Amino acid sequence: MRHVISVQVENKSGVLARVAGLFSARGYNIDSLTVGTTERQDVSVMTIVVKGDDKIIEQVKKQLNKLIDVIKISDHLISNSIQRELAILKVSVSPSKRLEVFQLAQMFKAEIADMSQKNMTLSIDSDPESLDKFIELLRPYGIKELIRSGRVSLLRG
Amino acid sequence: MKLKGSQILIESLVKEGVECMFGYPGGVVIPIFHYLYEAPFKFILTRHEQGAVHAADGYARASGKPGVVIATSGPGGTNLITGIANANMDSIPLVVFTGQVSRNMIGNDAFQEADITGITRPITKHNYLVQDIKDLARIIKEAFYIATTGRPGPVLIDIPVDISNSEYKFQYPDKVDIRGYKPVYEGHPNQIKKACSLIESAKKPVAYVGGGVILSDASKELRTFIKKTGIPVTTTLLGMGSFPETDPLSLHMLGMHGTYYANHAVNESDLLIAIGARFDDRVTGDISSFIPEAKVIHIDIDPASVSKNVEVDVPIVGDCKTVLREINKIVKAPSISKWIEHINKMKEEFPLTYDKKSKGIKPQFVVEEIYRLTEGKAVICTEVGQNQMWAAQFFDYTEPRTFISSGGLGTMGFGFPAAIGAQLARPDRRVVDIAGDGSIQMNVQELIVAVEHKLPVIIAILNNGYLGMVRQWQQLFWSKRYSHTSMAFSPNFQKLAEAYGAVGLTVDKKEDVEKAIEKALSVKDRPIVIDFHVDKEENVYPMVPSGKSVKDIIIRELA
Chain A
1 MRHVISVQVE
11 NKSGVLARVA
21 GLFSARGYNI
31 DSLTVGTTER
41 QDVSVMTIVV
51 KGDDKIIEQV
61 KKQLNKLIDV
71 IKISDHLISN
81 SIQRELAILK
91 VSVSPSKRLE
101 VFQLAQMFKA
111 EIADMSQKNM
121 TLSIDSDPES
131 LDKFIELLRP
141 YGIKELIRSG
151 RVSLLRG
Chain B
158 MKLKGSQILI
168 ESLVKEGVEC
178 MFGYPGGVVI
188 PIFHYLYEAP
198 FKFILTRHEQ
208 GAVHAADGYA
218 RASGKPGVVI
228 ATSGPGGTNL
238 ITGIANANMD
248 SIPLVVFTGQ
258 VSRNMIGNDA
268 FQEADITGIT
278 RPITKHNYLV
288 QDIKDLARII
298 KEAFYIATTG
308 RPGPVLIDIP
318 VDISNSEYKF
328 QYPDKVDIRG
338 YKPVYEGHPN
348 QIKKACSLIE
358 SAKKPVAYVG
368 GGVILSDASK
378 ELRTFIKKTG
388 IPVTTTLLGM
398 GSFPETDPLS
408 LHMLGMHGTY
418 YANHAVNESD
428 LLIAIGARFD
438 DRVTGDISSF
448 IPEAKVIHID
458 IDPASVSKNV
468 EVDVPIVGDC
478 KTVLREINKI
488 VKAPSISKWI
498 EHINKMKEEF
508 PLTYDKKSKG
518 IKPQFVVEEI
528 YRLTEGKAVI
538 CTEVGQNQMW
548 AAQFFDYTEP
558 RTFISSGGLG
568 TMGFGFPAAI
578 GAQLARPDRR
588 VVDIAGDGSI
598 QMNVQELIVA
608 VEHKLPVIIA
618 ILNNGYLGMV
628 RQWQQLFWSK
638 RYSHTSMAFS
648 PNFQKLAEAY
658 GAVGLTVDKK
668 EDVEKAIEKA
678 LSVKDRPIVI
688 DFHVDKEENV
698 YPMVPSGKSV
708 KDIIIRELA
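Protein chains in written order, with the working numbering: chain A, 1 to 157; chain B, 158 to 716.
Treat each hint with caution, since some may be false.
Computed beta-carbon distance windows for the label pairs [unchecked claim]:
1. A:ARG2 with B:GLN602: 51 to 57 Å
2. B:SER445 with A:ARG156: 39 to 45 Å
3. A:GLY27 with B:PRO232: 28 to 34 Å
4. A:GLU100 with B:ASP289: 56 to 62 Å
5. A:ARG156 with B:GLY184: 52 to 58 Å
6. A:MET1 with B:GLU176: 50 to 56 Å
7. B:GLU195 with A:ASP53: 57 to 63 Å
8. B:GLU195 with A:LYS12: 30 to 36 Å
9. A:ALA25 with B:ARG529: 43 to 49 Å
No wet-lab data here; the hints were simulated from the structure.
Being a predicted model, the structure only gives us computed values, none of them experimental.
We treat Cβ as the ideally placed atom computed from N, Cα and C, and that holds for glycine.
Hey, can you work out the whole structure from these sequences and the hints?
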């Protein structure tokens, strides 16, 4: 199962290497990792998406907790958090199909970031499920390039 | 008053009560050594940085105080790696200082530059690169705190040379406040109650005790616990000495080369009480067939060790000493007289033994003689391999911190420098390094350090002309193809000792063993090397082959 682990860390050099090193040294595979600043200058948050059964996730959390620079860890579920990802896609779209893609973009609140004779470049930030769906709907047109950010997540309430 | 970074370092060590430091100088630490010259604590100049870090490790294990080490940048730092990893695996508190090139040169591939914080990140409990002189005193304070609290371990501080040379007001902090590091010492009262009720109703309980009991200084509490409950005790390699092996309830060591009765008792148990142990693969063997019927209580200060390898029924996260003290207040003894009878029968039937009638010198006999002639009071250090296992099996340890051995990492070359550290920590005891002819050669250069400081460490080489443990595996599992395990070419250890100014003895007759050890014990002002020419193909038994279960235990040589 995929878990979203939100890790508050000291905003210091070397912390990312510690966290990333822990994953590689113990053979845990990271799906995505996002690091960013928070409302507190001295605290960063790493949002880590990791696959594994409950036992592995438990061990991942315990090992992360052992790092001196880790302040707090929480497991975020779709139901209790707001989760976002960003994707930018370059899709090959002939002029006759532009309207279709444009409508699709509107439906998903994606932005047309760039356009050329043959291609449209779309940018979308949304919850990861909608993002997946959007990508699937665009696939038949021919996705030439796709880049996706890691996830950010904040607990509700 | 403003002090230089170098002086701040030394003043901080004084504040920490450091009595002994181990190390080796070099370019970027000259400023620090400049002030070490007048430091009010002992400085031991080893002949290799690896020797320094192992000596500090041995000092820490023998004394219970953190070991303190310094080395220069680049090769100085990289030479420490094995020793740091060794301390990390066995949870030994070390504070390690390395010099670094000056801040404006970092990343430039400068002379003797290595990214030592990067290299040591996975093998330290924590590490620091000092980037501002105003952080130096706080970092040192934190390093000692982190190294010695919770599950202990090595902490490294990398100090650029320009930081050592710059000046700042010295004020050593009184307190440490690290928001991400709050080790839990008290066990949860409900968990403790649950554990006690499991203990009281157990029919076949065994206490499985690890190095955590020694690290938390809980040997007394453990003995009280056993006295109150009458539960038999087995220890890991690193747990030896926490409970007297002379006690009828001692099952001695368990695991790959543990006793038959310890391994069988654990396997048949209905309750395993793990105290400061981590279910290492050398203990469990095949994990899927380990303790098929037992419930597990696990007391450990490291939450990540609990339910890592084995599912635990009652986890108690906390310090062994504190938790055992609470347990001792309420626990009641189970009725297990039948169980004890059964165990005693196994003890009688399958004791640790060897061919005592052999004409040649059996290595086990040498260990037994050391035990007898030191009246069991020696501090024993070991190298790694057969010598280590025989030292574990044939010497009855009764006190904590008297058996010093590289457990987790299994580092050959650890024992002798560790013995130097142990002898410095325990001038009141004889320290004996039980060595092999292979491993002693890995750090033999430190002999001169023992000579210089008049340390009467006895190095008992169980010389069988082989890298014996690997040879044993080759014999048993690799069709006796002794690929590159012969040590037929070795130096004359007696002459080597004499060249260093130590006493050298060679023993090749069984009847001379006693005399040689007595002679060694009579020397009080220098190290003594005894080269025991032991039976070449003696093996360590019993043996649970790697990855197998207790059912596959090999009790002795197959015909």
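Going through the earlier hints one by one, which of them does the structure break, listed in rising order? No hint contradicted; all consistent.
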